[in-house]
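Residue numbers (the numbering used here), protein chains in the order written: chain A, 2 to 286; chain B, 84 to 541.
No incorrect hints appear here.
Partial selection, computed: residues in chain A whose CB lies under 7 angstroms from chain B:
id : residue
1  : 24
2  : 26
3  : 165
4  : 248
5  : 266
Heads up, simulated DSSO-like pairs for lysine-lysine below, C-alpha to C-alpha not over 27 angstroms straight-line:
id : chain 1 : residue 1 : chain 2 : residue 2
6  : A       : 188       : A       : 39
7  : B       : 100       : B       : 90
8  : A       : 64        : A       : 253
9  : B       : 90        : A       : 275
10 : B       : 404       : A       : 39
11 : A       : 88        : A       : 110
These are computed hints drawn from the structure, not numbers from a lab. The beta carbon of each residue, even a glycine, is placed where N, CA and C say it ideally should be.
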Amino acid sequence: MSIRFGGIIAGLAITLVLVLWSLAPGVYNFAFGPAPEKQPSYAFYEHGEGPAGGFSFDGAFGKWDYGQLQRGYQVYKEVCSACHSLKFVAFRNLRELGYTEAEVDAEAKSWTVPGIDPDTGETTTRPGMPTDYFPMPFPNSIAAAAANNNAIPPDLSLMTKARHDGSNYVYDLLTGYGEPDPEKAAKVGFETPLGLYFNKHFPNVNIAMAPPIAIDGQVTYADGTEATVSQMSKDVAAFLTWTAEPSLIERKQTGWFVLGFLLFATVLAFLSYKQVWAGMKPKKK
Amino acid sequence: MSFAWAKQYEPKSAFTKWIDEKLPFPRLVYNAVGAGYPVPRNLNYMWNFGVLAGFCLMIQIVTGVVLAMHYAANQAVAFGTVEHIMRNVNYGWMMRYAHANGASFFFIVIYLHIFRGFFYSSYKAPREMIWLLGVVIFLLMMATAFMGYVLPWGQMSFWGAQVITGLFSAIPLVGEPLQVWLLGGFAPDNAALNRFFSLHFLLPFVIAGVVILHIWALHIPGSSNPTGVEVKQESDTVPFHPYYTSKDGFGLGVFLIFFTLFVFFLPNVLGHPDNYIEANPLSTPALIVPEWYFYPFYAILRAFTGDLTIPFTGIVLIPAKLLGVIGMFGAILVWFFLPWLDKSPVRSGHYRPLFRKFFWFGLMPTMAALFYLGGAHAEEPYIMLSQIFTAYYFMHFLVILPIISQIEVPKPLPFSITEGVLGSDKPGTTSGGGKIDPDSVVDGRPGTATDGSLQPAE
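With the rest of the complex left out, here is chain B:
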């Protein structure tokens, strides 16, 4: 599953040869993230976030497993065991702050990864499956993060669980019994806490499994790149190792510096003070909000304030709560349809003048505003603003993208990645990237066209 010029794994010692015969795991690694994976040479720093997301998942699993050794999922003691971790477990405070802030940084990385996909149309053929699996990972992450936030059993844990599981009660007919079934009771209780812990432990490994599928699917067509022109020749690519391992290593260092600043100096800034108050079903916090990474979707949920009625009759077709739930889930589900909503043959936003305007002056300000509004009090003018931005959000994906992909005149694309990087693509003018052989330029073969036909798999 690679290009013809990909380097082949050659075991050197007798031992590695023996291993390669019995279980070619080193070969698999070599082909996946080693020198055997040719990657476009022009990737910018926005292509760093996939590796960082994988690293975040590992941080979360390692710190999470250690935390689980000291935590007890029982409503009588859960809050206390978290404090036990903070006070009595050696470096427990570091583990817990790394885990809590690790979730936030995981989402920061994932959002940047997703927005990179939006701008460079990484979802387009032949990479639809990578994108679809990515959205699945995002949904699993949201479920995992939500359940993890319940575990400390603070006020926001309890009331967040109450509000989010309450969303299911909006579903007609089966809603109320469904909520009771999900919680194992009429309100978040020991049963809910226990099953959330169980699922919070399970889901990261499910995520890891889907990540493997995500990377597998990625290796079929190979990585996308900022020009959006498919790889045509050997000079378009460099081996993943050492070129991108070194670049990603630097990116990882920068990421860890930011992460460290939060874990050691601002560990509670991204959390909510109310979660240091033990859960109390009799006292509702003044403002119930989820963690910051859910704010855009929480803003969309709260934007639907009016029932859908038949005017002047008072007959309610869809209650506001259900509209909000549809809106919130729809906001993510719409991503599943992106590859077919945006049919422009050009991938990169750099070559799409109209698309680029809507991206920078439409989608990005909308996301920023929704991030802010999701955490704001439910009062005017925040409600009106979140309604306006929610409307734009859906218009952008469902109406604007299909129309601009139809009417836009894209800028001319470079012939190849090499030309995009060097300004020309003549044999002998390129430096690096392996040998330059004009015969290796296979023009017109499947996969070289920007219409998105598949690359040959092997």
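Next up, chain A with everything else stripped away, as it sits in the complex:
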């Protein structure tokens, strides 16, 4: 009895403290206090929908579009890599994009990576090898910040997993640049801060990155695909999905195999369960 009595006292005490000291002031503030301030920029944010038609790797049966991944790699190499690193990806991984060994060798050689002079031991640079990882565009984060209006360009290896619905997010962000609606901006007194750029798909619509893919034909695709802004954005988003998770397609395919086995095993388990319990379960009602 005493535990129950103590429990009732404790329960009422906790509830009383919660209701009178936390809930009551909260309700009062909610009803009579000032409305919470929202930054004017939130009025301009638009949720993106990703590219029309989606990606080839979407869904449980998705597949890589190797041509698209190679185009995306080209966009990364010619545009993004000026500022963004890709530190968890090695040149050897490019084999997975459908390049041959010789092509990967040549591709690695086209990059300059930090090295050490074998004679003097001094730091120097050398052409890349397949075992090398993608080089960093800046020697350190201070240099990166200094060159980019104090914003450090994030590493892109995991970008599509580090954002909600990342593949679509990258596409939306790259195609979301523009100008705010002037009428609306004048009304709420919104102005893009100096040194930042307006992007309706960036959470606070002011992004430090200048529009990286600005004009059609910025990249000349080797396979002859027309390089529209939307096409380039889609291709690089697909490439970054691969860098974030090279095992994506293998994972889904393995999943079907595992699922098939488990369905079979579960049916067997169910039948043996029924067999064992036959005669035990009454037919009720």
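Since the structure of chain A is already known, use the hints to place chain B on it.
For chain B alone, coordinates are given in the frame of chain A:
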């Protein structure tokens, strides 16, 4: 530690006889989860989750040990070694996704196991010790899961560690030094990461030890059952093997299908994207949240927004932060007192009309709401809602349960499990469950009464 009619282990070959003499381990297994353990015949699928929880613990230990072979607990490289596992280790992605989602599924299973205990009052005498050990396991699981989430050293790892260890600083006088001592520094750092890895490796084996105690304690009175009437006779039970091994095998298959769907098709849905950004002490995420399985307790923590003051004097008796910490830990500690708070002699919610209403229309919606609110932004109306539901949570366990167990008129219980299953309990009308001998019905012996007196141990 079983019923008189339990089957006895009989070694057949010379080898098993030799083993049984020297180290009767097969006998132990036979009595624990084999044909030597008589189990009520009427268990429904909610009794599947104990076995599943044990299976989850094994998944976590096996995948975890493999991951530890490739992981390095150093803040400079931890994030990179996790990516190394994902990219370079053969099937490393599968191991890691199985481990991360395995934690989530472990908690899903454990929550269902606990809610089954709530509904069927599995905590009542003579099973209090099983329940208490279960709560201990749950607390150990929470500690293990929290420390495991820190290991990838992503943004949520770092800031989660910052927030959760920061809770200790709310303790008066010793709080701040205690936090520094726990972290080995003023903020989560290499020292914290290292000790979290060490403890994250250790605690699962502690859990396994307490699980053994949990099962040991279970075998003293035997399993509970959905009618809540104690086992009276042989026809009330079936041997664990093959009856429940086959049923649990089917349940395990269904569980693994759901698990597979997440591991292979939705591996990051239950995680947070911010944890794929390497920890950065200089950049705070917009929303710091723990893993989803901590949401109810996180909601309770954040519900206490006001200091407890003496009105109109400005004197603070208890700061809001400490109230939140008390509330959060109290929310689990109250489970320790459940066996003594709910004194209704009837166990099963099926026979308790008033209790059942409060369970389905009070506790369950409250838990669902707290699960949602714990992950929501700390803004209105979510704060007010979490305050209301937190208040109900404590009222339910501390006030409503003691009162309804006092005033409720339960429905009539069946005489026995056999009657509950078959509608009658007359010798000769039952099928299966071994021989029916009217003399084996031992009425009125200790343990048959629902007042919870103990079953004889042997």
